[in-house]
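Asks: Residues per chain, in single letters:
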Amino acid sequence: MSLRFGPWSVRLAPRALVVGLVLVLVAFAVAVAAIATGEFTVPIPDVLTALFGHGTPVAELIVGKLRAPRVVTGLLVGAAFGLSGAIFQSLTRNPLGSPDFIGFTAGASTGGILGVIAGGTALQIAGGALAGCVGTAVLVYALAHRGGVQGYRLVLVGIGANALLLSVNSYLLTRANINDAATAGAWLTGSLSGRGWDHAIPVAVALAVLLPVCAFVSRPMRMIEMGDDAAKAMGIRVEAVRATAIAVGVLLCAVATAAAGPVIFVALSAPQLARRLTRSPGVTMAASALMGAVLLTGADLAAQRVLAPTQLPVGVLTAAIGGAYLALLLRKDRH
Amino acid sequence: MALPQAARLSGSDLTLAYDQRVVAAELDVTIPDESFTVIIGPNACGKSTLLRALARMLKPRKGAVHLDGSVITSLPSKEVARRLGLLPQSSIVPDGITVTDLVARGRYPHQKLMRQWSRADEAAVTEAMRATDVSELADRIVDELSGGQRQRVWLAMALAQETPILLLDEPTTFLDISHQIEVLDLCADLHEAGRTMVAVLHDLNQACRYATHLIVMRDGAIVAEGEPAGIVTPELVAQVFDLRCEIIEDPQSGTPLIIPEARRRVTTTA
Numbered sequence: 577m578s579l580r581f582g583p584w585s586v587r588l589a590p591r592a593l594v595v596g597l598v599l600v601l602v603a604f605a606v607a608v609a610a611i612a613t614g615e616f617t618v619p620i621p622d623v624l625t626a627l628f629g630h631g632t633p634v635a636e637l638i639v640g641k642l643r644a645p646r647v648v649t650g651l652l653v654g655a656a657f658g659l660s661g662a663i664f665q666s667l668t669r670n671p672l673g674s675p676d677f678i679g680f681t682a683g684a685s686t687g688g689i690l691g692v693i694a695g696g697t698a699l700q701i702a703g704g705a706l707a708g709c710v711g712t713a714v715l716v717y718a719l720a721h722r723g724g725v726q727g728y729r730l731v732l733v734g735i736g737a738n739a740l741l742l743s744v745n746s747y748l749l750t751r752a753n754i755n756d757a758a759t760a761g762a763w764l765t766g767s768l769s770g771r772g773w774d775h776a777i778p779v780a781v782a783l784a785v786l787l788p789v790c791a792f793v794s795r796p797m798r799m800i801e802m803g804d805d806a807a808k809a810m811g812i813r814v815e816a817v818r819a820t821a822i823a824v825g826v827l828l829c830a831v832a833t834a835a836a837g838p839v840i841f842v843a844l845s846a847p848q849l850a851r852r853l854t855r856s857p858g859v860t861m862a863a864s865a866l867m868g869a870v871l872l873t874g875a876d877l878a879a880q881r882v883l884a885p886t887q888l889p890v891g892v893l894t895a896a897i898g899g900a901y902l903a904l905l906l907r908k909d910r911h
Numbered sequence: 004m005a006l007p008q009a010a011r012l013s014g015s016d017l018t019l020a021y022d023q024r025v026v027a028a029e030l031d032v033t034i035p036d037e038s039f040t041v042i043i044g045p046n047a048c049g050k051s052t053l054l055r056a057l058a059r060m061l062k063p064r065k066g067a068v069h070l071d072g073s074v075i076t077s078l079p080s081k082e083v084a085r086r087l088g089l090l091p092q093s094s095i096v097p098d099g100i101t102v103t104d105l106v107a108r109g110r111y112p113h114q115k116l117m118r119q120w121s122r123a124d125e126a127a128v129t130e131a132m133r134a135t136d137v138s139e140l141a142d143r144i145v146d147e148l149s150g151g152q153r154q155r156v157w158l159a160m161a162l163a164q165e166t167p168i169l170l171l172d173e174p175t176t177f178l179d180i181s182h183q184i185e186v187l188d189l190c191a192d193l194h195e196a197g198r199t200m201v202a203v204l205h206d207l208n209q210a211c212r213y214a215t216h217l218i219v220m221r222d223g224a225i226v227a228e229g230e231p232a233g234i235v236t237p238e239l240v241a242q243v244f245d246l247r248c249e250i251i252e253d254p255q256s257g258t259p260l261i262i263p264e265a266r267r268r269v270t271t272t273a
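So the sequence lines, in the order shown, correspond to chains A and B.
Here the working numbering runs 576 ahead of the position in the first sequence, where the first position is 1.
Here the working numbering runs 3 ahead of the position in the second sequence, where the first position is 1.
Source of the hints: derived by calculation from the structure; they are not laboratory data.
Treat the hints with caution; some may be incorrect.
Claimed, not checked - Quick look at which bits of chain B chain A covers, simulated, 3 or more residues with Cβ under 8 Å: (1) 48-62; (2) 80-89; (3) 92-101; (4) 116-123.
All of these numbers come straight from a predicted model, not from anything done at the bench.
Virtual Cβ for every residue (Gly too), placed ideally from N, Cα, C.
For reference, chain B alone in the conformation it holds in the complex (with noise of 0.2 Å):
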């Protein structure tokens, strides 16, 4: 078989561990190119591990991540980070830094000891800012923002590096509902853009609102892929993640959402 429209980003035969513990065996996963993906499952499936052995985080016990048809570990590091990024879980921001600081740094993979500052970086900063919304934040101290504005911050720096495909390893995590939303809204709007967006969620309602491809995850084994109306059942819920459930039509966006079963159901009195 002649390779087919080969994606961007894949990984073949995938073997993932921290130290002795096997987290994923013999995975074998594509991201399709232009998609929306979240990858999703219980606790424990393995689902960042997998984010962040493609985003090359994690170096594969066997098997290999490809980037463009190359081994992606054979590429220059920063040639990987000017086509890939990453929003990790957890960022430390520096004491004292502003909001424009922060984001400038987002333009490292594109600067050298002798080009710093180009107009190109102040522009990907300028518009990386705009795109999130933070640039009236533009002189505040990041560490006095809000846990959604911070965020937004952290999104605008990923963004500011101008990467065709961007990782985000549960991005809505400790964030209220409408940050949440915000979020997930921003990255809907940078996928339409025509970037790949490829992330860890935890709230499958969410997960199938928004993603054009999931893939559920389950001890370390991709269970199911595709479109998420296409894939997600009642049956798949079950298997996932043990619970017994519900699914309907989201009144609001059409996708598949899920009702958990209620311990105690309503009965309607005649």
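For reference, chain A alone in the conformation it holds in the complex (with noise of 0.2 Å):
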């Protein structure tokens, strides 16, 4: 299916269409869900209202003060992760290319437990977190480079580094005082509750400046997914685009995680859930981050609900669905 406007053309996939708006539609019912529901019940329509500025009071305060910046903080962080999961996986060809298994996300859990340890502050174990995931990530990079990098030694690498930075980890939360390695420890699951509009906004920005670059990148990663060779045979500098997707990959992983903690299996899960649902060969950006929002607020909502009053951390939860939901669709490829 082809769509043409003057010198305007596309070539439009109808299912990944239909899927993508699905999501869309999914994200929105869960954020309001999120939104009306819990201690406070607030009635679907004073949501909607409330939202674009004309409840009472009592509404607007839960909504716009309490709830909203929660579930928005869901949202970008989700589809952050989900993201920097779909640039990783292209560009190593490998759904364990994934930052949350190349080191990256435990570079930025080193960070924060150094913001914890030093008795930072929520920015400063933010900025931890985010020096730790930059820092692991040129690392990584410089030392799986060996004239360009390659998919399975950026992989080998990483998933050497990961391994050294969570024994890091480990050591450092034995010797915290206890009070740290709770709180540490509390961060390290990865969690959403308390997220201001202050975590949100950061993460709005960076979407906000690497969406576009996404898009630009993202035809031509689909082309080096066929290789090398392939890609350069067809004129795309090869180079050039992996170094400025992984920038953009780093960039993505490190401020979510910076937001919400290291939040593991979003950004695995949710491209290879988008690639099986919009039967789209090699990985999808767009499916991809929806996917990441709806995964997240999604697991969100269910910590908060499924055993309230207790309310769990959003990271148990997302291991647990994305897992569940990735191991069925699995299954179904056997036939």
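Put the complex together from the two separate chains, hints included.
Replies: Now the structure itself:
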């Protein structure tokens, strides 16, 4: 199916469009449900009026100050993790090439724990996570670099870095005093609880800047999935595209981790789920981002409600939901 | 000497190396326009390396490859991709991709962010699939095809690129004999339709049969080049392949046919 307006033309995959639309609707529905329910239920019409700024004072407080920032942070962080995962899985041609497996998230954790132990503020902990993630990525990239970076080398070096950093993290936790260790432990699971607009805005800014870059590199990246030679023969500057994509992927992962902690499995499962739902060849960026947003907000909603009034950190749920769904899809793949 | 009718694709004074290992030194090579050039030689003679250098996959340590009078690396990469195509030795089939979608990827150098699927793109893909006889496979998943079919699909992708020059790195490796002939016949058709074809091949007899211009390499140097019938002699084969042989005329094509010397000769009984 193709669409043409004068000199403009695109090729459309109807299934991918439908899946994208459905994911947007699901994300919206989950977001409204998360805002409406809780200890104090806000009727859905009130949620909508409050969101658009004409609600009762109580509704506006609960919706605008307490629940909406958390939901929006969840949507943005989920999208950032989904995109970051899509980028690295495409670059490494390997689902295990996700940032949560090749050390980036572990590096962010190291930075975060150091921030906690140093008695830092929330902002400083986030800064530590950001620095830890970017630092690890630079190191992994440098170690994997040998006249250009090959995907499998990035995965191997990354898995090594991941193991090393996990042991550093455990060591730091054993050396920390009991209060710091508890705080760090909670942060390490990844959580959206208590997230305000000051968490959401940096992620929103990062996405606003990086999304156009993603759109620009996604087509050449799809070509690189066929091999460096095949892509070069098509006139793609492989190393430039790859370096740009890595920078974008690392920044997305770093910003997301700084906002919500190292929530695992979203970056791994969102692109895989998106790919299977859209049935498109290779990794798809837009669907992965939407899937990430749905997964994280969905998991957060479940984390708040499943054992209410006990609140679980969202990281516990992402692993469970994402893992179960992925296992189900893989089983279907086998026919 | 004034520049003679310069060929579109040539390399001068090429020194080619991977890391520290020099594969070929001070190589001069010219691909005659509208030829079907075949590069041949024993394993590790540098034939694929030369092809990769001509296709700008490998940056020469010294010297330069010229395309239409310009140093190839000085031209915009996408511009080069509209004039010169390459079928690499091995490419990765994206998971779950259909034949049409893979062939359509060959249009990349002709597309822009805002112009991703013009009528020209569609026409080129249809024509490439017709020429390679994969039209009936259009909606099949590439992973599920046979080796010969898959190679035809890769060729269709390279054809959709619509380049006047097409380079092929061992296009017949991993194919059985009938599929080898099928792919080479297709290459000959493309050559007859006006394209300049350059292929690295393993089989000397196939090279002699299909090439209009043969480049014979050994140890990173060009030992002989020219029309197969003019250069392929028992001496050349002995020098390049360390093989003693007899050369007869191919009864089908009239080109040189190499018959390796048998370990045990047939003795005709009186």
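Asks: Taking the hints in turn, state whether each one holds.
Replies: Structure-based check of all given hints:
Under the rule that three or more residues need a Cβ within less than 8 Å of chain A, the assignment of the stretch 48-62 of chain B holds, with 4 such residues. Coverage of the stretch 80-89 of chain B by chain A holds in this model, with 8 residues showing a Cβ closer than 8 Å to a Cβ of that chain against a need of three. Residues of the stretch 92-101 of chain B with a Cβ under 8 Å from some Cβ of chain A number 10, which satisfies the need for three, so the listed coverage holds. For the stretch 116-123 of chain B, the stated coverage by chain A holds: 7 residues have a C-beta nearer than 8 Å to a C-beta of that chain, and at least 3 were required.
The structure shown violates none of the earlier numbered hints.
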